[in-house]
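J.: Below, each chain spelled out in residue letters.
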Amino acid sequence: MDLLWQTAINAMYAASYMALIAVGLVMIFGVMGVINFAHGELYMVGAYCVVFLYAHEKFPFFLAVAAGLIFVGIVGLVMERAMFRPLRDNPLGGLIASIGFLLILQTLAVLGFGRRMGHVPPATQGKIEIFGAILTYQRLFVIVAAILLLAALWAFLKRSKFGWALRACAQDAEAAALQGISMNQTARVAMFIGAALAGVAGALTAPLVSPTPYIGHSIIVTAFIIIIVGGIGSLEGAVIAAVLYAFVHTFVTTFFDGVIANIVGLALMLAVLVVRPTGLFGAKERA
Amino acid sequence: MPEPAGAANPENSVWRIAGRLKLVFLFAALAVLPYLLSYSQQEIAVLLVVNVLLVCSYRLMTLTGEWSLGHVVIMGVGAYASALLSKRLGMPVPVSMLAGGIVAAGTSAILSFPLFRMKGFYFLIGSFAAGEIIRLIWKRFTDPFGGPKGLKRIDAFPDIDTGFLSIDFYEPVNYYFLALVVVSASLFVLYRIERSRIGLTFHAIHWQDRLAESVGVDTFRYRTLAFVIASFFAGIAGGLYGHYVGAVNPTRFGVDQMVYVLVWAIVGGTATFHGPILGVVVLTVINEIVLRGLGLDTVRPLIYGAILILSVLYLPDGLESVGPRLRAWVQRRRAGPAAAGGGAA
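Residue numbers (this note's numbering), protein chains in the order written: chain A, 1 to 287; chain B, 1 to 345.
None of these hints come from the bench; they were simulated from the model. Where is the CB? At the ideal position from N, CA and C, for every residue including glycine. Careful, some of the hints might be misleading.
To be verified - Derived, one-sided and incomplete: chain B residues facing chain A with beta-carbon distance under 8 Å: (1) Val245; (2) Gly246; (3) Leu313.
What the hints assert, rightly or not - Chain A is nowhere near these chain B residues, computed Cβ spacing over 10 Å in every case: (4) Ser38; (5) Leu165; (6) Val182; (7) Arg292; (8) Tyr304.
All chains should be modelled from the sequences, with the hints used to inform the complete structure.
T.: Following this line, the structure appears as structure tokens:
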């Protein structure tokens, strides 16, 4: 029973950072119509911001996280301007360009920090006990940050005027443009938010995962599974699928092993693709 | 396709002979090539020939308009199958290579049931997932796949020794010729398939799948057929690779390698048969000769990435479009002054 409860707590932590990553990926897809293959590398860049600023330069942890958020957001803006804007009519081209960008970010990380794992000491040793299960503060930060950020994003999208514009763009870019919504402006904002969410996930989890330049690979696989299961254009679907996947993955890892968990996750995704290619919460006609 | 002028043209046969001559020259050059290279460059030449088959088989699959991210894993299926069949069951290597191709084709025939319920992005990601599952199975099940370390000491291609003639396939030069023969034969088959009715149907499905369906083409079946044929030749390429290098592991068939295949196809262009070949040859030469020569080993992925982005942005039709574009430019230049001169007179 204890093990079950502890595993559930671990799954909640996993769900938090996975949701941040997947929601970012969905934002980018929703507004720009391009699958960002370099999303895992944005996570990696966020993690290395903490490796550099916090572990090497001894800045406070949260300052390093904030810097990671902003820096990765700016990387996102660069991607939008240099690749996705010129390739707006060519989604496959955008995807392929993002694969090129992934290689560039990976190589830069290798050049800057080497191939080995970056070691990041935990920001605090503190932990709390919830009904017998242990939750370190480090993991708690991730859960709290995910809830706050996603709530803020939700409020922004549903309540602010710009959020309306953004959602209008995601639904029908041409109609939105006819209403005087600037496509470039919304694409910039979506890209900044999407990239920054991946970056902050990487920054917050850096002390827990020991990042390597190649960590993005497992991240993007996870993110793909989540957005497919959740329905590729749906933000709510991404959050729900992240929770679902995190629980399945964490429980299978605990009771079998990590590789089996990955196989189960991928098989789950294939099953969803076969039964309901639009995902559990996706729009009907996207195929 | 700009076919040479119609059958009524008396020059037609001349063009044909010229085309054949070109092919003869090409093969003559390929036969001389290994003797001009150093030992390590000969080894690269062998892998290059194998990669030509890989990328050309990939192109056959893209004819139907679907881009897979699992093609390198399918190549790996061929390599693993051929290695295991020769190692465990004592199958002679040439037979096991063929069997590897058949296993690869069979694997994709099974995968086509879930995968071809999807199109476009969904297919892309679905094929990626299917490939990852296969790779994880290789990693997880040490018996018989050898786990993360993979298979080692794979049987080499048997020597030919007739007393009069003896060929040792440990020598890269000899393996190069073996690969050249196998790959040329495969490319010939791929070329004939594309020019056949089946190939035309692939094109039809790519550009007008609903229309093709409405005139009675079973698009699912033809997509599967393209996938299976492409996978067979990818499997053959895998066999050629495995028995040459002597070791295979899951990392060797990872997504990074798939990225390289994508880059070759995209940079070369996929509208013509020779486009991907152009891509793989040019990029391999740049990669191995120029970058390795300059000692830029760590930044190679970065340069590959930059080339990929730049070619998507500025050369969306690939290297294959450079020749025709240049020709058009030269013609315009030639026509330009003449027209201007005519106007002045």
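J.: Compare the structure with each hint and give your call.
T.: Results of checking the hints against the structure:
1. Val245: violated (22 Å)
2. Gly246: violated (25 Å)
3. Leu313: holds (6 Å)
4. Ser38: Answer for B:Ser38: holds, closest chain A Cβ roughly 27 Å.
5. Leu165: holds (46 Å)
6. Val182: holds (30 Å)
7. Arg292: holds (16 Å)
8. Tyr304: With a cut-off of 10 Å, B:Tyr304 comes too close to chain A, as the shortest Cβ separation is near 6 Å.
The earlier numbered hints that this structure contradicts are 1, 2, 8.
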